[in-house]
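Residue strings, one per chain:
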Amino acid sequence: MPDSFEALLRDALVVISAEQPERYRRLARTVAPLRLSLTVGAERMGVESSGEMVCVTVDVVDADVRLVTDRRCVLRLLGGACSLEEAVFSEDLRLWGSVDALLLFYDGLVAFLNGAVRSPPMSGLLARYRKGG
Amino acid sequence: MSAIVQAIRRSDALRGPPLFGGAAGHKEWYHFCVSAGGVELLVNLSLVVDAQQRQHARLSLLAFDGQWSGGVERCPPESVSARPGQIGVRMGGSAMDFSRGCYRLSVHPRDMGTTAELVLEPAVMPAQVNNVRGLDGAPINWAAVPRLRASGWIRTGGVTHHLDGAPAYHDHNWGHFGWGRNFAWEWGYVLPEDLDNPWTAVFARLNSRGHTHALMQLLFLWRGTEMVRAFRARDITVRREGLLRPASLLKVPPPMALLAPGTATDIPARLRVDAVGAGDVAALGFDCGPVAQVIIPNDADDGVTIINEVAGRARLEATVRGEQVQISGPAIFEFLSA
Chain A
0 MPDSFEALLR DALVVISAEQ PERYRRLART VAPLRLSLTV GAERMGVESS GEMVCVTVDV
60 VDADVRLVTD RRCVLRLLGG ACSLEEAVFS EDLRLWGSVD ALLLFYDGLV AFLNGAVRSP
120 PMSGLLARYR KGG
Chain B
0 MSAIVQAIRR SDALRGPPLF GGAAGHKEWY HFCVSAGGVE LLVNLSLVVD AQQRQHARLS
60 LLAFDGQWSG GVERCPPESV SARPGQIGVR MGGSAMDFSR GCYRLSVHPR DMGTTAELVL
120 EPAVMPAQVN NVRGLDGAPI NWAAVPRLRA SGWIRTGGVT HHLDGAPAYH DHNWGHFGWG
180 RNFAWEWGYV LPEDLDNPWT AVFARLNSRG HTHALMQLLF LWRGTEMVRA FRARDITVRR
240 EGLLRPASLL KVPPPMALLA PGTATDIPAR LRVDAVGAGD VAALGFDCGP VAQVIIPNDA
300 DDGVTIINEV AGRARLEATV RGEQVQISGP AIFEFLSA
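Quick note, the sequences are listed as chains A and B, same order. Here numbering that gives the first Met the number 0 is used: the first residue of the first sequence is 0, the next is one more, and so on. Here numbering that gives the first Met the number 0 is used: the first residue of the second sequence is 0, the next is one more, and so on.
Since the hints were made in silico from the structure, they are not lab data. Where is the CB? At the ideal position from N, CA and C, for every residue including glycine. Check before you lean on any hint, since a few could be wrong.
Claimed, not checked - Beta-carbon label-pair distances, calculated as ranges: (1) B:209 with A:102: 24 to 34 Å; (2) B:211 with A:95: 41 to 51 Å; (3) A:54 with B:110: 50 to 60 Å; (4) B:83 with A:54: 44 to 54 Å; (5) B:75 with A:47: 26 to 36 Å; (6) A:47 with B:236: 24 to 34 Å; (7) B:73 with A:90: 27 to 37 Å; (8) A:54 with B:52: 57 to 67 Å; (9) A:83 with B:241: 42 to 52 Å; (10) B:80 with A:95: 28 to 38 Å; (11) A:109 with B:212: 28 to 38 Å; (12) A:61 with B:110: 38 to 48 Å; (13) B:84 with A:109: 40 to 50 Å; (14) A:61 with B:83: 57 to 67 Å.
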């Protein structure tokens with residue numbers, strides 16, 4: 000399903016590793032201590048890092064951080080219609096985890112975004128995701 | 000060919016690295032602002048060569064009709080036509096060229112809700128300022144044609160605005176400077192609403208990134224087609240008064256808002272520029288209004304550079320060679336933030 004969030008995430012990680020290898024390594028190191036569970040609408044997936052490579056996996060049990068949202072919220076975030084903070088406060092995006100784990104997750108998210116915005120192929124991936132669904 | 004057209008042909012050609020695609024880090028853009036009564040339009044056609052020697056073309060389009068709208072369109076390389084030595088560029092569905100003594104601007108991005116077809120006739124001689132250095136890195140070069148007469152149409156928000164000689168501003172920047180280096184600029188123009196008023200003014204200043212050190216500052220005045228007064232350096236005192244506290248901001252491209260959230264800015268509420276020299280005086284004021292932010296990832300670190308496009312009203316009062324000068328009109332001033 001090329002327009003799924005999981006496909007977007009997998010392809011984005013490949014793009015960032017090729018375009019921004021330093022930032023990809025930083026992302027991998029940052030989230031290495033975490034087991035992440037992501038739910039976007041009906042899609043459920045896990046994210047794990049060896050410290051050198053970040054992989055999208057089947058959903059993990061006993062995740063350190065669990066994120067639940069939907070496609071509409073993802074599109075609003077990408078379109079600038081709401082901030083991450085607003086999405087959390089409106090409960091369109093919900094997070095569970097210890098404070099330390101959530102802070103690491105946020106650092107990982109920022110590392111991911113810093114790699115993504117400096118990777119020209121990302122605009123094509125985002126366009127594909129926006130068209131889907 | 001008029002003297003203005005000759006001067007523009009000498010100063011405004013696309014520099015570009017050889018054959019566009021050469022020297023990594025080259026940046027260059029053509030910038031236009033048009034004041035069409037009910038709408039202010041900003042068009043920026045930008046060409047960049049990245050560290051991997053790949054060329055990127057982006058159209059930034061912003062319209063202000065009481066509120067800002069617009070975006071940034073990344074145009075695929077196969078849609079780009081740009082030849083160093085010639086004035087103009089084509090990218091995506093948009094293009095700019097210079098022919099029969101006028102700039103011709105055709106703006107048709109996808110999915111932005113704003114399009115335009117404009118012919119801009121230069122009304123003043125261009126000015127060029129080369130090799131403006133920040134505290135580190137390579138210099139910025141700048142050529143400006145600060146007053147043009149714009150005719151054609153702008154369609155935005157479902158409304159078509161027809162223009163016949165509307166005031167407009169144009170400039171052109173190029174160089175190998177890196178976003179995130181130790182510089183920040185402030186600039187703006189004052190174009191009279193009264194089209195019979197012969198005076199035009201431009202202000203520009205390059206600061207250190209924290210605005211603690213002024214590296215270059217200028218206030219140029221034209222009367223008719225000629226620049227008749229150039230205040231520089233110690234002639235000029237700049238005051239940033241108050242702090243703008245916008246309730247909302249347009250941020251483009253939208254995903255960059257995830258890395259630069261919130262509405263806090265370091266834009267002043269008012270900018271005041273006073274210049275004195277050789278018996279002449281000038282006072283420029285700009286009241287800052289609604290803001291659109293063009294957010295650019297830094298080249299060398301994880302920060303961002305924010306180009307604040309600020310709609311507002313500019314006015315200038317001066318005495319030049321004994322002549323009283325008054326200009327006022329809507330304008331878009333630009334403030335760079337870290």
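Results for each hint:
The hinted range of 24 to 34 Å is satisfied by residue 209 of chain B and residue 102 of chain A, whose Cβ atoms lie roughly 28 Å apart. A hinted range of 41 to 51 Å holds for the C-beta pair residue 211 of chain B and residue 95 of chain A, which are about 44 Å apart. About 34 Å separates the C-beta atoms of residue 54 of chain A and residue 110 of chain B, a value inconsistent with the hinted range of 50 to 60 Å. Checked against the given bound of 44 to 54 Å, the beta carbons of residue 83 of chain B and residue 54 of chain A, roughly 45 Å apart, stay inside it.
Taking 26 to 36 Å as the suggested C-beta distance range, the pair residue 75 of chain B and residue 47 of chain A conforms, at roughly 35 Å. Between residue 47 of chain A and residue 236 of chain B the beta carbons are some 59 Å apart, a value that contradicts the proposed interval 24 to 34 Å. Look at residue 73 of chain B against residue 90 of chain A: about 33 Å separates their beta carbons, and that is inside 27 to 37 Å. For the hinted restraint 57 to 67 Å between residue 54 of chain A and residue 52 of chain B, the CB-CB distance of approximately 31 Å leaves it violated.
Between residue 83 of chain A and residue 241 of chain B the beta carbon distance is about 29 Å. The supplied range of 42 to 52 Å is therefore violated. At about 52 Å, the beta-carbon gap between residue 80 of chain B and residue 95 of chain A misses the expected band of 28 to 38 Å. A hinted range of 28 to 38 Å for the beta carbons of residue 109 of chain A and residue 212 of chain B is consistent with their spacing of about 30 Å. At roughly 43 Å, the beta-carbon separation of residue 61 of chain A and residue 110 of chain B lies within the given 38 to 48 Å, and the hint holds.
Between residue 84 of chain B and residue 109 of chain A the CB atoms are about 43 Å apart, so this pair conforms to the stated range of 40 to 50 Å. Distance hint check: the CB atoms of residue 61 of chain A and residue 83 of chain B are about 59 Å apart, consistent with the given range 57 to 67 Å.
This entry does not satisfy hints 3, 6, 8, 9 and 10, going by the numbered hints stated previously.
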